[in-house]
Amino acid sequence: MAQIKIKILKKIFFNEENGYTVCKAQIQNQQDTITIVGNLFDVNEGDFLEIEGEPSVHPKFGEQIKIKTYTPLLPQDIEGITNYLAGRIHGIGKRTAKKIAARFGSETFKILEENPERLREIKGVKKTVVADIKKNITDNILIRDLTVKLSPFGIGPETIFKIYKEFGERSFLVLEHNPYSLIDQIRGIGFKIADTIAQGMGIPANAPERLSAGIDFIASQVEQRNGDIYMDESDLIVKAASLLNASREDLTAALNRLIEKGDLVRENIPEPIIVSAKNYAIEKTISEYLLRLSRSSTNLEPVKIDFDYIFNRTSVDLTEEQRNAVIAAVNNRITIITGGPGTGKTTIIRAIIESIEKDGKSVLIAAPTGRAAKRIEEATMYQASTIHRMLQIDAETRRFVHNEQKPLKADFIIVDEFSMVDFYIFYSLLKAISQHSRLIIIGDKDQLPSVGPGNVLRDIIGSGYFNVIYLSRNFRQNEDSLIIENAYRINNGDDLIFKPYSDELDFVFIKVDNEQKAMDKVIGIIEYHKNDYNYNSPDYQVMVPMYRGEAGIDNLNSRIQDTFNPEPVVVKREKCTFKKYDKVMQLKNNYEKEIFNGEQGYITDYNPDKKTLTVNFDDRYIEYCGDEIEELTLSYAVSVHKAQGSEFDMMMLVMLPAHGIMLTRELFYTAVTRARKKIFLISDRDTIRRAALNSKPSERKTLLPRRLEEVFAGQKFLAPPF
1 MAQIKIKILK KIFFNEENGY TVCKAQIQNQ QDTITIVGNL FDVNEGDFLE IEGEPSVHPK
61 FGEQIKIKTY TPLLPQDIEG ITNYLAGRIH GIGKRTAKKI AARFGSETFK ILEENPERLR
121 EIKGVKKTVV ADIKKNITDN ILIRDLTVKL SPFGIGPETI FKIYKEFGER SFLVLEHNPY
181 SLIDQIRGIG FKIADTIAQG MGIPANAPER LSAGIDFIAS QVEQRNGDIY MDESDLIVKA
241 ASLLNASRED LTAALNRLIE KGDLVRENIP EPIIVSAKNY AIEKTISEYL LRLSRSSTNL
301 EPVKIDFDYI FNRTSVDLTE EQRNAVIAAV NNRITIITGG PGTGKTTIIR AIIESIEKDG
361 KSVLIAAPTG RAAKRIEEAT MYQASTIHRM LQIDAETRRF VHNEQKPLKA DFIIVDEFSM
421 VDFYIFYSLL KAISQHSRLI IIGDKDQLPS VGPGNVLRDI IGSGYFNVIY LSRNFRQNED
481 SLIIENAYRI NNGDDLIFKP YSDELDFVFI KVDNEQKAMD KVIGIIEYHK NDYNYNSPDY
541 QVMVPMYRGE AGIDNLNSRI QDTFNPEPVV VKREKCTFKK YDKVMQLKNN YEKEIFNGEQ
601 GYITDYNPDK KTLTVNFDDR YIEYCGDEIE ELTLSYAVSV HKAQGSEFDM MMLVMLPAHG
661 IMLTRELFYT AVTRARKKIF LISDRDTIRR AALNSKPSER KTLLPRRLEE VFAGQKFLAP
721 PF
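Every letter in the sequence shown is one number past the one before it in the working numbering, and letter 570, counting from 1, is 570.
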């Protein structure tokens, strides 16, 4: 249809997530009304638009016009001008808007844009108000122009505002020159959004900046999705060609330019691989720091260990294996202690700390997550923190305070749950360890690797360059625990032991044959145990391998919320809604707030005026506003990866045939070892057997083993003569 001019009479529906809007409108100079639908960003009742669209018939709502493009028009009548000024421009209320519209009439917007000082002609308008109006007029014009330019391509108001907030009057210049620069400069804008903007700005499909951005995107995806550090060059070219619809020749040329520029590195091992310059430098530096620490020239004084003293302090009589682990750990620069559940890792940590303290030496204790750090505190009676908080973050620079120039002041640094540590945080940790310190790493090598990139624990254990203590199962300490028994059976690929139900049983198998029954069982268990664990308790957790599906994480979260949380919805999002008292999880590291990926809390308050949520994370009350709320998700049910590093008194693990693509021995083992007192395994025997037999130890593409071999030059670990 041809372009027509309309006036918005009523907003019938508006989706905040994608801007989809249904409006009743009136065509200019006609009495009839029409219904228009489409992504109408920043459109209010009383606004005038020039639209182009296609007539359609909705099976339920009848005739509509689907908007293809639209242009906001400034109102010309007194009522329209008054409503526009009062509703759109900060600093102008209804009364002042009426005075302005009456005084200047159809010339109002021309005066506001070209000569706003004339507003002083109106009684009661102060100089400061004029200054505010001038800025708001400029802002509104630019945001309006950005909306007109970008909204037809599906770019939403939040993204448009982010662009304006970051670049201001330079917004169009940036978009026209290189919209792909938005990827690095604005949180939430990835390649797909930037590419959509680029198309809207008329940037050619074979533009060098587009090809470079696409290659960077493909390379970053394997890091984010697979945890890989590098990518085979041939695979990179194939995937980039599919994404960008570009020729191999153009992509190879773009790749070579990125290598020449120093953004990417090509290495032959023996086939060519591609790694970002940043990741290449990090793994190289990690290996150099490890060499420097392990070969430190500083005198390594042996720590005197009094096992009678340790027994008096802990009431635990250490096994010979545990005693040898303590002796070796305190008398080496770098020590790795690895073992499964029930091998006494926590007991060894306590014994190590007692020995260090008695010998007059200092110690810092850390873990990747807050819950893991809290668990160490409870078990050892010594203060622990997350690695991030131990290194301390400068909110302005978003860098760690402790580094080469300001190392951590401690004779010993102990890090537990090390399987969760990715190579970024390991790099930052090593930078902050002085040559006078000793590093003790504790973790279970058979668990899932870190959510972040790299495979640090397996890489350093497998290298052979460090003191590694392998703990075997201690039957004397865990002979009554079916959780531990079955964890070892899973790790060996053996059949699990199931016993008839009793309240004292710590491993309960509940047979289900479909997803609906699994969901009902979860709800029933929460209801049955509600006197012991509230629905949002941090001491119980539901785990599921996948987000999608009838009994997936998303649906379970929604069902648990609807069943047990009677509070009204305060925030709506595309994937979930939030209520007061909801159990939530942080999805990404937020260095300004010092809240990190995987930390859990519960919503304590919502401020409708400020539109902010307040979340309690272990008695730290954090306020979220605007797009920060996107960093939160419901966490009644979580993935096994997200629960790694935490332990829960009571746990439910849902494993079904529909989760088959995710079911591995490593995931199953990691999930079961998160349960401290009781686990309900909601599954069927075939699925359990398949998961236990499907061993796929993570073989991530990393260069750390290669870098370690280069710097250590084949010199294997030699224990000191103590």
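No wet-lab data here; the hints were simulated from the structure. None of the values given here were measured: they were computed from a predicted structure. Each hint should be verified, as a subset may be incorrect.
Stated by the list, open to error - Quick list of the computed label-pair ranges, beta carbon to beta carbon:
no. : residue 1 : residue 2 : range
1   : H58       : D562      : 38 to 48 Å
2   : E592      : E54       : 58 to 68 Å
3   : S695      : S472      : 35 to 45 Å
4   : I497      : Y470      : 17 to 27 Å
What the hints assert, rightly or not - Keeping only pairs whose Cα atoms sit at most 30 Å apart, straight-line, the calculated BS3-like set for lysine-lysine is:
no. : residue 1 : residue 2
5   : K431      : K149
6   : K304      : K149
7   : K445      : K278
8   : K521      : K406
9   : K610      : K572
10  : K499      : K511
11  : K696      : K445
12  : K406      : K66
13  : K593      : K374
14  : K374      : K361
15  : K66       : K127
16  : K579      : K610
17  : K127      : K149
18  : K278      : K358
Quick reminder that beta carbons are idealized off the backbone N, C-alpha and C, glycines included.
| Taking each numbered hint in turn, which are not upheld by the structure, reported in ascending numerical order? | Those not satisfied are hints 1, 2, 3, 5, 6, 8, 12, 15, 17, 18.
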